[in-house]
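Given these sequences and hints, build the entire structure.
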Amino acid sequence: MHLVESETVMATTSRTKKKPASSGQAATELRSYYKRMSLVRAFELRANEMYARAKIGGYCHLNLGEEATVVGLTAALDDRDYLFTTYRDHGYAIMRGMEPSAVMAELFGKSTGVVGGWGGSMHMFDMGKRMLGGYGIVGGQIPPATGAALAINYRSKAGPKAEAVMCLLGDGTTNIGAFHESLNLAGLWNLPIVYVIVNNRLGMGTPVEGASAEPDLYKRGSAYRIEGTRVDGDDPIAVRDAARAALKKAREERRPALLELMSYRLKGHSVVDPARYRSKEDTDEAKGNDPVPAFRAKLIADGVLTEKDADAIDDDADKVVTEAVAFADESPDPSVDELFDKVYASPVANASTRLPAEPAVVLS
Numbered sequence: 001m002h003l004v005e006s007e008t009v010m011a012t013t014s015r016t017k018k019k020p021a022s023s024g025q026a027a028t029e030l031r032s033y034y035k036r037m038s039l040v041r042a043f044e045l046r047a048n049e050m051y052a053r054a055k056i057g058g059y060c061h062l063n064l065g066e067e068a069t070v071v072g073l074t075a076a077l078d079d080r081d082y083l084f085t086t087y088r089d090h091g092y093a094i095m096r097g098m099e100p101s102a103v104m105a106e107l108f109g110k111s112t113g114v115v116g117g118w119g120g121s122m123h124m125f126d127m128g129k130r131m132l133g134g135y136g137i138v139g140g141q142i143p144p145a146t147g148a149a150l151a152i153n154y155r156s157k158a159g160p161k162a163e164a165v166m167c168l169l170g171d172g173t174t175n176i177g178a179f180h181e182s183l184n185l186a187g188l189w190n191l192p193i194v195y196v197i198v199n200n201r202l203g204m205g206t207p208v209e210g211a212s213a214e215p216d217l218y219k220r221g222s223a224y225r226i227e228g229t230r231v232d233g234d235d236p237i238a239v240r241d242a243a244r245a246a247l248k249k250a251r252e253e254r255r256p257a258l259l260e261l262m263s264y265r266l267k268g269h270s271v272v273d274p275a276r277y278r279s280k281e282d283t284d285e286a287k288g289n290d291p292v293p294a295f296r297a298k299l300i301a302d303g304v305l306t307e308k309d310a311d312a313i314d315d316d317a318d319k320v321v322t323e324a325v326a327f328a329d330e331s332p333d334p335s336v337d338e339l340f341d342k343v344y345a346s347p348v349a350n351a352s353t354r355l356p357a358e359p360a361v362v363l364s
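Counting along the sequence shown from 1, when you hit position 178 you're at 178 in UniProt numbering, and nothing is skipped either side.
Derived from the structure by calculation, the hints contain no laboratory data. We put the CB at the ideal spot given by N, CA and C, even for glycine. Some hints here could point you the wrong way.
Said to hold, decoys possible - Derived Cβ-Cβ restraints for the label pairs, each shown as a range:
| no. | residue 1 | residue 2 | range |
| --- | --- | --- | --- |
| 1 | Ser156 | Asp341 | 31 to 37 Å |
| 2 | Lys35 | Asp329 | 24 to 30 Å |
| 3 | Asp311 | Leu339 | 44 to 50 Å |
Unchecked claim - Taking lysine-lysine pairs in the DSSO-like style, the calculated list, with each CA pair at most 27 Å apart, reads:
| no. | residue 1 | residue 2 |
| --- | --- | --- |
| 4 | Lys55 | Lys110 |
| 5 | Lys319 | Lys298 |
| 6 | Lys249 | Lys219 |
| 7 | Lys319 | Lys287 |
Next up, the structure:
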């Protein structure tokens, strides 16, 4: 498995060596991580297929190649924590406790989806599970996530049982104003938030080196005296441990952190992106570092799983996803009568409810 050196940066640069991946971990826990990674992989492969069959419309961005990052981050979160994600959110929704069938139904735009078919691929949301999006706008999640951390400061004291916020973003997002403005406030006000850059090395189709004057993105918090750490995103244990340490500091010291997870996606930016901007060598490297077969092979080599065990886990994941597709297919579409519901958070006078092709004015 490809490993990336872990580094920590604050006002001055210091370095810490990464602990050996999966050292001392219970076999049952490791098996559960593989089970989760297998489920995310199976779900995203089927979502890609369903998009090709026109069962899913609109935008659709997959976690393929980022399963170790998804599982490691969500394993570090407590139920009381808040998670804000990018539009690449299916795997996080499932790992946060949403039923795969309801997530698939949301992709299908069905009334049984996690938000009743209103959100689609990019807007998974469940207040009870404290997953507050799914954001379609690049960086749109960063200011509200920072605001949630500020609210935590107002309503509770720091401590090991305190709440914290995790905010995901892509590598390209580090160049927008909201990123720098939010990190500045988080560093200034001592907010309990962990910003996580999922660096798949391509902001849509632009390499990080072609868009950022400082391509080591974990260093970008140093201007705000926020500790930054680069982690191998293909190792779920390394991801989990780094996230746990950052969340602990957020809870107990009310200090923000910045994690950069090197997690290279296997496909294009979205399901309709053929990724012709990537060279064959680049694509081969991504496939060679695929975290799902790599973690499977490691667990088999370590005696945690047998080939038969791993095959059974993969078969179970496929079964869950097959049932999710059937559920979504059989679910009803939202009623046309609900088309204009939830346009505004509260009633708005004279709001239009005119359907397409209906006249703007009816003359008597």
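Comparing the hints with the structure gives:
Take Ser156 and Asp341: their Cβ atoms lie about 34 Å apart, and the range 31 to 37 Å holds. One distance hint, 24 to 30 Å for the beta-carbon pair Lys35 and Asp329, holds here, with the actual separation near 25 Å. Judged by the Cβ atoms, the range 44 to 50 Å given for Asp311 and Leu339 holds: they are separated by roughly 46 Å. Restraint check for Lys55 and Lys110: satisfied, since their Cα atoms lie roughly 11 Å apart, inside the 27 Å limit.
The suggested pairing of Lys319 with Lys298 holds, with an alpha-carbon distance near 24 Å, which does not exceed 27 Å. In summary, the hint linking Lys249 to Lys219 is supported, as the alpha carbons are separated by about 18 Å, within the 27 Å threshold. Among the hinted pairs, Lys319 with Lys287 is consistent with the structure: their alpha-carbon atoms are about 25 Å apart, no more than 27 Å.
Checked against the numbered hints given earlier, the structure satisfies every one of them.
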